[in-house]
Amino acid sequence: MTLQILVTTPDVALYNALGAAFHARYSNVTVKVSSQDYNTLVTNAPRLISGGDVPDLIRLASFGNLIKDNLVTDLDPYAAAYGWDKWPQSQFASTRVASNGTQRGTGALYGVGPGFGLTGVYYNKALAQQIGMTTPPATLAEFEQLLAKAKSAGLLPIMINGKDGGQVFPLQNLQMDAAGATQQIEDWIYDKPGATIDNSATVQAATTLQEWAKDGYFSSDVTSIDQTAAPSDFESGKGVFFPSGNWQAPGLDKAAPGKFGFFLFPPATAGGSFSAMTATDLLAIPTKSAHVAVAAAFLNFVQVDPQARQGTLTLGGVVPAGPADAAAPSATAGSVVDATVSSFQQLVKSNGLADFMANATASIEVNTLLPQTQLLMAAKTSPTAFATKVQSDYASALAH
Amino acid sequence: MTLAASQGTAVDGPTPKLVVGRQPRNRRRWKLIGLAWVAPALGVYGLFVLYPLTQTVRYSFYNWDGFGVATPAGFSNYRSIFSNPELFDSLVHAFVLIVFFTVLPVGLGLVAAAFMHDLVAGAFSTTARVVLFVPQILPLVGAGIAWTWMYSSDGLVNQVLRRIDLGSLARPWLGDFNTALPAVGVIGTWVALGFCTILLLSGTSKIDPALYEAARIDGAGRLREFFVITLPGLRREVVVCVTVTVIAALASFDVIYVSTSGGPGYQTMVPGVEIYRLTFLDQKVGQASALGVFLALLVLLVILPIQRLGHES
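Chains as they are written, first to last, in our numbering: chain A, 1 to 400; chain B, 1 to 313.
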């Protein structure tokens, strides 16, 4: 029999490898991987799994109305059968959906992925040395001192893709620092009834981001730098710091081994807990799939098989989670990938991982967070107006 | 109908022995045959244009995600076009784009056509036509990407400005809040100019050369010639140009989506991109349909008076 998997184009190599490993274990199953580019897949996912000839596994960005419309399979029976319910449960929180079809973090499990994204701050080692940075900043204040030093040294302090929303990462980090915990923003992202971020922590975060822009910590053409330009500009030596995710790590290691480092966004106070954003590369089983049980077996395989877990890191650049006692896959010592893996293990234990603000509603990123942070950085809106607007757009998106 | 009738007479003509009583039946037969010829095109048009149009109007009165249960929404989807500042602003931007998609290309096209009309046919005039028309045959998505490179901080536009000592004007054109909308508009001007020029140029060749000769004998200058003979003579072509480009401006999507996606801020957001996001991201098919229907009505409202202008003698 053939198991059909539909993923995004950059992930084809990873899933071909995972499929081959699965076939080697279970010779009666052949895995066929097909792909679409990210935007096409995201926009067409509901149509692809509601029609005929549906894939057995599909990569989703968010659930949207798929659960309300009963288009993806409840994985709880398989979680019990394979013992996923004995593993650290925080890794499944973002793919649990309550019976109302919208609130996440609670309810039945609808998606599982081979690996997790992780955000942090990359730095250019040579430039960091130039401004006297010997160890990664332990507090936000230390980080801001480094930014000021970089600016006065005539360097660009922060490289960011301001055209498509890279600035939302530091904004969320600043919010979590100001709130002192990830719970508040996580409730908001998971659409918990009554959750709000129109509060002092968000205003404080927005104020800091605006000040960074005013102080010239971002490039003057920040709103025209996109996610392709930012890493390549950073690789070519533009920018001391580059807040982004672990998906950039393999590229940076390849471009210049040993030239770049990675640290987690620092907490507000010394000794405070570190936090970062994470999201799983979730795969879901359409209810119309003809091989639901085999698809579930594949999901278990990618989480526990050592070879599959290694492939997830090496080919996908994302970190596998799985059982508490599973061995972490290995990366070249001293590489950026290695740094992201150990940071992830650290955060899983300290419960410092939160989902992305972008995942709160399907359109909050493009319709609100991106344009509003651009306005904020251009001093065309105030931090209080920003917090109010983000909350009101969120509320109206969830209204119906 | 006219087609069937004219065919009817043409065939009836050379059959003198025809019995008078049979004629109506014959004509009816020919009408049916005419209809049969039209039927495939009419069927396709109905299935792919008229039916979706009625469906869109229907959806606009519901809250629906495209798959699940739809609930009646009354006029709420239409009301929120005006209560939501971003949706309303996107409509305003579409009208600003008319300046760049219509006014500039038609204006410049008229000037270009008037000049090229006087050119002797040869290598230069052929090259000029080809250069002006090339944007029409390029896929807009590719053109949009090429323009974003040209507009970038180190792109061609800024390089040229720096070279001619106007470096102070250099900026990230699409990332600057003040220049983003005009910069996107210029892409539209570039696309529409060739279309307008070629259409207007073919129009000028229809104008009786004797009129120009008469004007010259009466002592008219080039400018007067243009306003008295060329412009009135091109009335129909101008109306076609304006119609096509106004629709392109109000319904713009591809160039904006590729070059700015509506940013920075909401500076270049247009209804086309809003409709796309409402449908595919928010899965708010009802709201998207309402905006689509409203946009279609706006287009008609703008186009109909222009069409009238073309029919006046």
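Some hints could be false.
Said to hold, decoys possible - Straight line, CA to CA, 20 Å or less: simulated SDA-like cross-link-like pairs of lysine to any residue: (1) A:K238 to B:D154; (2) A:K254 to A:D11; (3) A:K389 to B:S80; (4) A:K214 to B:R171; (5) A:K125 to A:K151; (6) A:K214 to B:Y62; (7) A:K68 to B:S80; (8) A:K192 to B:D282.
Said to hold, decoys possible - Here are some chain B residues pointing at chain A (derived, C-beta under 8 Å): (9) Y62; (10) D65; (11) F67; (12) A70; (13) A143; (14) S152; (15) G175; (16) T179; (17) G263; (18) G265; (19) Y266; (20) R277; (21) F280; (22) L281.
Read the hints as simulated data drawn from the structure, not as lab findings. Ideal Cβ positions, reconstructed from N, Cα and C, are used throughout, including at glycine.
Hints and how they fare:
1. The hinted pair formed by K238 of chain A and D154 of chain B meets the criterion: a straight-line CA distance of about 14 Å does not exceed 20 Å.
2. The hinted pair formed by K254 of chain A and D11 of chain A meets the criterion: a straight-line CA distance of about 18 Å does not exceed 20 Å.
3. Pair hint K389 of chain A plus S80 of chain B holds up; C-alpha atoms about 17 Å apart against a cutoff of 20 Å.
4. Between K214 of chain A and R171 of chain B the CA atoms are separated by roughly 18 Å; this keeps the pair inside 20 Å, and the hint holds.
5. Proximity of K125 of chain A to K151 of chain A is assessed by CA-CA distance (about 16 Å); at most 20 Å being required, the pair is judged to hold.
6. Distance hint between K214 of chain A and Y62 of chain B is unfulfilled; the C-alpha atoms sit about 45 Å from each other, more than 20 Å.
7. With a C-alpha separation of about 25 Å, the suggested pair K68 of chain A and S80 of chain B falls outside the 20 Å cut-off, and the hint is violated.
8. Simply put, K192 of chain A and D282 of chain B have alpha-carbon atoms about 19 Å apart, close enough for the 20 Å limit, and the pair holds.
9. Among the interface hints, the one on Y62 of chain B is violated; its C-beta lies about 11 Å from the nearest C-beta in chain A, farther than the 8 Å criterion.
10. Look at D65 of chain B: its Cβ gets to within about 4 Å of chain A, closer than 8 Å, so that hint holds up.
11. Of the supplied interface hints, the one on F67 of chain B holds, with its beta-carbon coming within about 5 Å of a beta-carbon of chain A, less than 8 Å.
12. For A70 of chain B, the interface hint is violated, since its Cβ never comes within 8 Å of a Cβ in chain A; the closest pair sits about 11 Å apart.
13. With its C-beta approaching chain A no nearer than about 18 Å, A143 of chain B sits outside the 8 Å limit, and its interface hint is violated.
14. With 8 Å as the threshold, the beta carbon of S152 of chain B comes within range of chain A, its nearest partner Cβ sitting at about 6 Å, so the hint holds.
15. For the restraint placing G175 of chain B at the interface with chain A, the shortest Cβ-Cβ distance is roughly 3 Å, inside the 8 Å limit, so the hint holds.
16. Interface restraint check for T179 of chain B: the shortest CB-CB distance to chain A comes to about 11 Å, outside 8 Å, so the restraint is violated.
17. A least Cβ separation of about 6 Å between G263 of chain B and chain A falls short of the 8 Å threshold, and the interface hint therefore holds.
18. Satisfaction of the interface hint for G265 of chain B is found here, the shortest Cβ-Cβ separation to chain A being roughly 5 Å, below the 8 Å cut-off.
19. The criterion of a C-beta within 8 Å of any C-beta in chain A is met by Y266 of chain B, whose closest approach is roughly 5 Å, and the hint holds.
20. Against a cut-off of 8 Å between C-beta atoms, the interface hint on R277 of chain B holds, since the closest Cβ of chain A lies about 6 Å away.
21. For F280 of chain B, the interface hint holds, since its Cβ comes within 8 Å of a Cβ in chain A; the closest pair sits about 4 Å apart.
22. The closest approach between the C-beta of L281 of chain B and any C-beta of chain A is roughly 4 Å, which is under the 8 Å cut-off, so the hint is satisfied.
Of the hints listed earlier, those the structure fails to meet are numbers 6, 7, 9, 12, 13, 16, in rising order.
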